[in-house]
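Order-wise, the sequence lines are chains A and B. Going by our numbering, the first residue of the first sequence is number 1, and it counts up by one from there. Going by our numbering, the first residue of the second sequence is number 1, and it counts up by one from there.
Source of the hints: derived by calculation from the structure; they are not laboratory data. Model, not experiment: these values are computed from the prediction. Some hints could be false.
Put simply, identical chains are the same to the list, so a pair is met inside one copy or across any two.
Only pairs whose alpha carbons sit at most 27 Å apart, straight line, appear in this in silico DSS-like list of lysine-lysine [what the hints assert, rightly or not]:
hint, residue 1, residue 2
1, 68, 55
2, 282, 352
3, 68, 352
4, 273, 412
5, 412, 55
6, 412, 302
7, 273, 352
8, 68, 302
9, 352, 104
10, 68, 282
Number of protein chains: 2
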Amino acid sequence: MMQDIEQVSLQSLLEAGNFDEARSMLIPMQSADVAEAIDELPDTYQAVAFRLLPKDEAIEVYEYLPAKVQQSLLTEFRHPEVLEIVDRMSPDDRARLFDELPAKVVRQLLLQMSPAERNVTALILGYPADSAGRLMTSEFVTLRETLTVGQALERIRRLARSSETVYTLYVTDDFRHLIGTLSLRDLVVAQPEYLIQEIMTREVVFVQTDTDQEEAARLIQRYDFLALPVVDREQRLVGIVTIDDLMDVIEAEVTEDIYTAGGVQSVGDEYFKTNLLTVARKRVVWLLVLLVTNTATSAVIKGQEDLLQQVVILTAFIPLLIGAGGNVGAQSSTVVIRGLNTDEVRPSQMAKIVGRETLAGLLLGLLLGTAVTFWAYFLERNFGVALSVGLSLIAISVIATFAGAALPFVFKAMKFDPALMSAPFITTAVDVLGVMIYLNIAQLILQV
Amino acid sequence: MMQDIEQVSLQSLLEAGNFDEARSMLIPMQSADVAEAIDELPDTYQAVAFRLLPKDEAIEVYEYLPAKVQQSLLTEFRHPEVLEIVDRMSPDDRARLFDELPAKVVRQLLLQMSPAERNVTALILGYPADSAGRLMTSEFVTLRETLTVGQALERIRRLARSSETVYTLYVTDDFRHLIGTLSLRDLVVAQPEYLIQEIMTREVVFVQTDTDQEEAARLIQRYDFLALPVVDREQRLVGIVTIDDLMDVIEAEVTEDIYTAGGVQSVGDEYFKTNLLTVARKRVVWLLVLLVTNTATSAVIKGQEDLLQQVVILTAFIPLLIGAGGNVGAQSSTVVIRGLNTDEVRPSQMAKIVGRETLAGLLLGLLLGTAVTFWAYFLERNFGVALSVGLSLIAISVIATFAGAALPFVFKAMKFDPALMSAPFITTAVDVLGVMIYLNIAQLILQV
Numbered sequence: 001m002m003q004d005i006e007q008v009s010l011q012s013l014l015e016a017g018n019f020d021e022a023r024s025m026l027i028p029m030q031s032a033d034v035a036e037a038i039d040e041l042p043d044t045y046q047a048v049a050f051r052l053l054p055k056d057e058a059i060e061v062y063e064y065l066p067a068k069v070q071q072s073l074l075t076e077f078r079h080p081e082v083l084e085i086v087d088r089m090s091p092d093d094r095a096r097l098f099d100e101l102p103a104k105v106v107r108q109l110l111l112q113m114s115p116a117e118r119n120v121t122a123l124i125l126g127y128p129a130d131s132a133g134r135l136m137t138s139e140f141v142t143l144r145e146t147l148t149v150g151q152a153l154e155r156i157r158r159l160a161r162s163s164e165t166v167y168t169l170y171v172t173d174d175f176r177h178l179i180g181t182l183s184l185r186d187l188v189v190a191q192p193e194y195l196i197q198e199i200m201t202r203e204v205v206f207v208q209t210d211t212d213q214e215e216a217a218r219l220i221q222r223y224d225f226l227a228l229p230v231v232d233r234e235q236r237l238v239g240i241v242t243i244d245d246l247m248d249v250i251e252a253e254v255t256e257d258i259y260t261a262g263g264v265q266s267v268g269d270e271y272f273k274t275n276l277l278t279v280a281r282k283r284v285v286w287l288l289v290l291l292v293t294n295t296a297t298s299a300v301i302k303g304q305e306d307l308l309q310q311v312v313i314l315t316a317f318i319p320l321l322i323g324a325g326g327n328v329g330a331q332s333s334t335v336v337i338r339g340l341n342t343d344e345v346r347p348s349q350m351a352k353i354v355g356r357e358t359l360a361g362l363l364l365g366l367l368l369g370t371a372v373t374f375w376a377y378f379l380e381r382n383f384g385v386a387l388s389v390g391l392s393l394i395a396i397s398v399i400a401t402f403a404g405a406a407l408p409f410v411f412k413a414m415k416f417d418p419a420l421m422s423a424p425f426i427t428t429a430v431d432v433l434g435v436m437i438y439l440n441i442a443q444l445i446l447q448v
Numbered sequence: 001m002m003q004d005i006e007q008v009s010l011q012s013l014l015e016a017g018n019f020d021e022a023r024s025m026l027i028p029m030q031s032a033d034v035a036e037a038i039d040e041l042p043d044t045y046q047a048v049a050f051r052l053l054p055k056d057e058a059i060e061v062y063e064y065l066p067a068k069v070q071q072s073l074l075t076e077f078r079h080p081e082v083l084e085i086v087d088r089m090s091p092d093d094r095a096r097l098f099d100e101l102p103a104k105v106v107r108q109l110l111l112q113m114s115p116a117e118r119n120v121t122a123l124i125l126g127y128p129a130d131s132a133g134r135l136m137t138s139e140f141v142t143l144r145e146t147l148t149v150g151q152a153l154e155r156i157r158r159l160a161r162s163s164e165t166v167y168t169l170y171v172t173d174d175f176r177h178l179i180g181t182l183s184l185r186d187l188v189v190a191q192p193e194y195l196i197q198e199i200m201t202r203e204v205v206f207v208q209t210d211t212d213q214e215e216a217a218r219l220i221q222r223y224d225f226l227a228l229p230v231v232d233r234e235q236r237l238v239g240i241v242t243i244d245d246l247m248d249v250i251e252a253e254v255t256e257d258i259y260t261a262g263g264v265q266s267v268g269d270e271y272f273k274t275n276l277l278t279v280a281r282k283r284v285v286w287l288l289v290l291l292v293t294n295t296a297t298s299a300v301i302k303g304q305e306d307l308l309q310q311v312v313i314l315t316a317f318i319p320l321l322i323g324a325g326g327n328v329g330a331q332s333s334t335v336v337i338r339g340l341n342t343d344e345v346r347p348s349q350m351a352k353i354v355g356r357e358t359l360a361g362l363l364l365g366l367l368l369g370t371a372v373t374f375w376a377y378f379l380e381r382n383f384g385v386a387l388s389v390g391l392s393l394i395a396i397s398v399i400a401t402f403a404g405a406a407l408p409f410v411f412k413a414m415k416f417d418p419a420l421m422s423a424p425f426i427t428t429a430v431d432v433l434g435v436m437i438y439l440n441i442a443q444l445i446l447q448v
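Make a model of the complete structure from these sequences and hints.
What follows is the structure, encoded as structure tokens:
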């Protein structure tokens with residue numbers, strides 16, 4: 001159960017200047033909850049509440065705060081205090097904060113940090129966005145293979161405070177090359193006089209600093225690890241990425257995938273705090289693209305004006321046909337795109353999967369086509385029109401599943417984002433070809 | 001980097017009967033990779049490869065195998081071997097396997113298991129699907145608050161082998177009530193003579209056995225924990241859920257959300273191994289629902305046959321208008337549904353968010369409406385038609401964003417899945433109202 005955050009009462013305590021009680025309310029809370037409580041306070045009280053926290057707790061809470069609040073707190077404080085917080089944040093969280101700050105502030109802060117922390121931060125900021133290097137922390141425990149288990153435990157006891165995790169330990173040689181790994185659990189159960197080299201695992205799964213974060217997230221999920229080591233081009237161990245950071249990566253990537261599929265450009269995870277003009281801008285490009293593709297359909301219909309004038313009722317089924325085609329196509333592209341994103345589907349399987357989906361399209365087309373033929377006949381008592389609608393739906397369903405399944409593979413191979421690119425092309429194929437097929441079949445059957 | 005799995009060569013080694021080499025190829029690999037390699041072998045070789053593994057490794061690999069392969073391996077083996085594997089699996093993985101097996105096989109297996117394991121499994125199988133109880137393991141370490149740090153470490157050393165995790169430790173009283181928690185890290189850094197009660201945290205975040213798995217996943221993500229304790233109705237500690245299992249929950253839930261948004265009923269994570277008839281069945285219900293809603297549009301168009309006969313070109317813009325409306329509506333519902341699913345949006349914010357989205361719809365409508373008026377005029381040189389199209393698009397865009405933003409809140413309040421229910425209603429609103437508005441505006445402007 002999440003602990004209840006008594007927001008009103010925290011604010012009223014602060015308003016009443018009852019700081020002792022406010023402090024004793026905050027201290028037993030989880031850092032994530034304290035951060036949320038502070039985030040929800042009016043701006044003027046955020047700094048007040050934050051300063052009530054003991055120093056160690058303050059750093060942790062600060063790391064949980066949204067970037068906006070982090071920044072405003074930075075400007076509220078006098079210098080030495082700011083510096084200490086920034087200096088003691090974990091390097092990966094600090095790098096993310098710096099990403100959001102104005103370059104001038106970052107330069108000032110960097111200059112005033114301790115040299116060791118400054119170097120680490122500058123290093124992390126140098127890696128490409130979305131790379132494992134950006135997400136890694138340099139605060140981990142390394143061991144030498146010649147240590148005994150007892151000596152290793154002693155070393156961990158000393159380093160635990162300044163390490164992000166002590167549950168996975170890394171064994172390096174004289175040149176900082178990663179040669180093995182072991183868990184704290186292995187160490188705790190082993191006899192104290194054993195050597196590290198006797199109990200470590202030599203087969204290490206690792207990533208490079210420039211490995212994509214999403215790939216790192218997939219690896220950690222695949223192997224059920226708690227952290228992944230990060231090496232540089234010379235295979236030297238330079239950092240680790242931990243599971244909590246990678247879970248956030250997965251969540252952000254998923255939101256992006258879902259937004260893309262819904263035709264919205266992602267704006268990070270603060271969508272509902274973005275201003276309205278930005279929101280409109282993030283959507284209008286996509287809508288204009290679809291408008292242009294839709295005008296092709298208008299042109300096709302205009303080309304068949306005579307037919308439609310003579311058999312007006314044909315018009316009544318156009319929305320139904322392109323609607324059904326769009327839905328069938330979206331179903332195929334949804335499963336294929338999700339499969340490609342989770343690596344469940346590999347590009348080499350294209351022929352098999354497109355074949356399978358197209359067959360499913362034929363099946364669905366036969367079912368829906370039959371249903372719609374009856375419905376159209378019932379509506380209009382015109383067998384020619386009803387048959388045209390039914391036959392067209394079969395053809396449209398096949399085209400839609402084929403396009404829906406094949407296009408994501410094609411765009412993936414061309415290094416485009418399948419989720420972004422597939423929909424307009426599927427829409428065009430379904431709408432333009434669909435209306436074309438429908439009106440031509442009708443012309444043939446009705447002999448107009 | 002993921003280790004290369006030399007599939008071809010493993011299979012050829014097995015075919016050649018070169019088992020020693022096959023074994024030495026498999027042993028250094030990660031369990032997840034061995035499971036994948038076995039999964040990809042032809043059926044006849046899966047059991048052969050599996051039997052090459054040392055016993056401890058075999059259990060781990062078995063837990064990573066897909067349910068289908070787990071089952072076929074079960075039937076391949078003689079009795080005592082099966083039993084030992086099943087007996088030694090972790091209880092939550094075993095419960096998941098049993099879920100997939102025929103009831104008769106489960107009964108047989110349960111009867112032959114050791115009483116302790118049988119009770120645990122029966123207990124887990126008794127919890128509702130998707131509950132934390134189903135996902136929990138009973139293999140965790142509990143401590144008493146009166147133990148010293150040294151004694152606690154000794155106890156962990158003894159229990160480590162039979163525990164799913166030793167990194168989070170739980171403190172219970174005489175009645176198994178959860179009274180505190182601490183991490184192995186806290187224990188390792190503390191002086192050996194300290195008492196557990198001096199270093200444990202008394203504010204424990206926990207879930208109930210019937211808490212939804214998705215909620216447990218959100219909690220572990222929020223607090224950056226590695227495991228969550230699970231208590232029964234009497235607040236007694238009965239199990240823990242670990243982060244690796246919860247990450248799988250998150251991935252499965254996301255796939256389900258994405259599938260639902262794409263109009264596909266989820267079939268678990270083995271979509272591409274499901275047979276074609278099931279695939280068609282999982283989609284056709286949805287398509288039939290949309291067909292029915294679409295027929296309402298046909299009826300509206302049929303009601304305006306006279307108008308369309310006189311101004312056939314009006315037909316040419318119907319696909320464009322309902323297409324654009326559908327897209328605008330999908331954008332709004334995408335951000336709102338995702339926001340509701342990630343708790344970024346709360347039901348209480350409905351008025352604010354619907355207002356905001358509708359305003360965005362007005363903005364987008366003005367932009368797109370202007371663009372489309374020019375385009376329609378260019379195509380047809382008929383100002384009345386062009387103006388009708390443009391004005392309708394503004395109205396449709398407002399309706400679509402309103403419906404797209406409001407309906408998810410309404411369905412959430414009614415305890416329906418917003419992702420599943422919103423689309424057909426948005427489609428109906430946009431198509432039926434859209435076409436109605438368009439044809440009526442045209443009639444007014446063109447005075448037909």
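Hints and how they fare:
1. 68 / 55: Cα proximity of residue 68 and residue 55: one copy only (21 Å, versus 53 Å across).
2. 282 / 352: Between copies only: 20 Å across chains, 36 Å inside a chain, cut-off 27 Å.
3. 68 / 352: Between copies, since 21 Å is at most 27 Å while 48 Å is not.
4. 273 / 412: between (32 Å within a copy, 22 Å between copies)
5. 412 / 55: neither (49 Å within a copy, 41 Å between copies)
6. 412 / 302: Neither way: residue 412 and residue 302 sit 35 Å apart in one copy and 43 Å across, limit 27 Å.
7. 273 / 352: between (44 Å within a copy, 12 Å between copies)
8. 68 / 302: neither (52 Å within a copy, 54 Å between copies)
9. 352 / 104: neither (55 Å within a copy, 35 Å between copies)
10. 68 / 282: The answer is within: 20 Å in one copy meets 27 Å, while 44 Å across copies does not.
Consistency note: the structure conflicts with the earlier hints numbered 5, 6, 8, 9.
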